[in-house]
Amino acid sequence: MSARRRVGIPRGPNVAGALRRGMWRQLFTAVGGYRVRGSAPYEAMVIVANHSSHADTPALIAAFPSPYKPVVVAADDYWYSDVWHRALLRIAIGAVPVSRSGGAYDGLVDGAQQVLGTGSSLLIFPEGTRSLDGELGDFHTGALRIAKEFDVPLLPVALVGTQALLPKNGKFTAGPIEVRLGEPIQPEDLTDGDMSPVIDQITDLLARGEASAADDAAWIALHRLMDSKAGMAAAAAWGFAEAISWPVTAEMFLAVFGAAHPRKVLPAAGWLAVGSVAGVIFTAVCARHDRTPPAPLTTAAMRTTVADHMTVGAAGIWRQALNGIPVKLYAAEAGRRHIPIAPLAAHAIGARGARALALGAVVAVVSHKAQPLLRRAYRSYLATAGVGYTAGLSLVIRRWR
1 MSARRRVGIP
11 RGPNVAGALR
21 RGMWRQLFTA
31 VGGYRVRGSA
41 PYEAMVIVAN
51 HSSHADTPAL
61 IAAFPSPYKP
71 VVVAADDYWY
81 SDVWHRALLR
91 IAIGAVPVSR
101 SGGAYDGLVD
111 GAQQVLGTGS
121 SLLIFPEGTR
131 SLDGELGDFH
141 TGALRIAKEF
151 DVPLLPVALV
161 GTQALLPKNG
171 KFTAGPIEVR
181 LGEPIQPEDL
191 TDGDMSPVID
201 QITDLLARGE
211 ASAADDAAWI
221 ALHRLMDSKA
231 GMAAAAAWGF
241 AEAISWPVTA
251 EMFLAVFGAA
261 HPRKVLPAAG
271 WLAVGSVAGV
281 IFTAVCARHD
291 RTPPAPLTTA
301 AMRTTVADHM
311 TVGAAGIWRQ
321 ALNGIPVKLY
331 AAEAGRRHIP
341 IAPLAAHAIG
351 ARGARALALG
361 AVVAVVSHKA
371 QPLLRRAYRS
381 YLATAGVGYT
391 AGLSLVIRRW
401 R
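Read in order, the letters of the sequence shown are residues 1 to 401 in the UniProt record's numbering.
Hints may be right or wrong, so weigh each one.
Okay, the calculated beta carbon distance ranges per label pair [stated by the list, open to error]:
{"hint": "1", "residue 1": "R401", "residue 2": "A315", "range": "23 to 29 Å"}
{"hint": "2", "residue 1": "A300", "residue 2": "P267", "range": "34 to 40 Å"}
{"hint": "3", "residue 1": "Q26", "residue 2": "R401", "range": "33 to 39 Å"}
{"hint": "4", "residue 1": "R37", "residue 2": "R86", "range": "29 to 35 Å"}
{"hint": "5", "residue 1": "V366", "residue 2": "H289", "range": "38 to 44 Å"}
Just so you know, these hints were derived from the structure itself, not from any lab. Beta carbons are placed, not taken as given, at the ideal position from N, Cα and C, and that holds for glycine.
Using the sequences and the hints, build the whole thing.
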């Protein structure tokens, strides 16, 4: 009996658990929104939840940090009967196989020792099967007995939205999910065979309304920025800096900041163009006096091409719009050639304005269509955009080498 009661301490961040948690969070966020309400103690527990969907276990995995991630036990004579079930359980869920040859509860205890013994939390659906209508069924007492036998808290949790997302015998329908955490019940406060404290908490949590999606914190911050004068000033400053030395293209401002507020994208594009033209003039004046600003992430081949383009005078800056060469090189070459400022400014207004507004129109349309998803997962979008831009910039530099 003593071996059964061995409970471990959460071991700290777990790479596989963190990746699994992140994967499910991003997936649920993408298909309708995901939110966790409440908090749980940092210790191994028995987590008890209502059960109405195959999405329930992933939703709970996404709710808890990896050190004490919830782990479900699965019968090895069914769930591990073929290679596909085994792969699904191990990779996507991280389930622990148990044998039912000695009885259902004995198998549960064996699984509990494997899970709680490592400091993870044991996930149990006491209804035993998925509900067809989302209503709570009869609760078996195995979770209560495990909590008392291993002397760990029992945490009631309500899952809201999973039944609508992926109902039993039904079709997938995108929508938000909420995981609502109750108050832990200490094992000494549990009475043998009485699941009413657990049922009461879950019933109360379920009664608090439908699931709703939360706006991403990054989206909220950037939306507010773009709705202010500071957002337009930032666009002008970005365009100015990029035309002098800043290695990130002016239009990335629209992708990073503007996408959070589609209606402000075109005004921001206009201010980007204003700042860019001012930067072109500044760089040209500096180069004219042999004080050319540094131009990181540029190549000799780029400078050679720019020198050839600018032989026609200020109109050469129009060649920059589609070739990937930074505009600061055109501005510096114009300065070295002592091209008059007035025609340079006029052509820069046309070239930079046309490029900024054209790309701004694309960003405005795409971000408007994608706004429901961006509101929920803006940080993921920013990470994807950053990786994509870095890869694209690397290809451009390699091409011009």
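Any of the earlier hints contradicted here, and which numbers? The structure conflicts with no hint, since it agrees with every one listed earlier.
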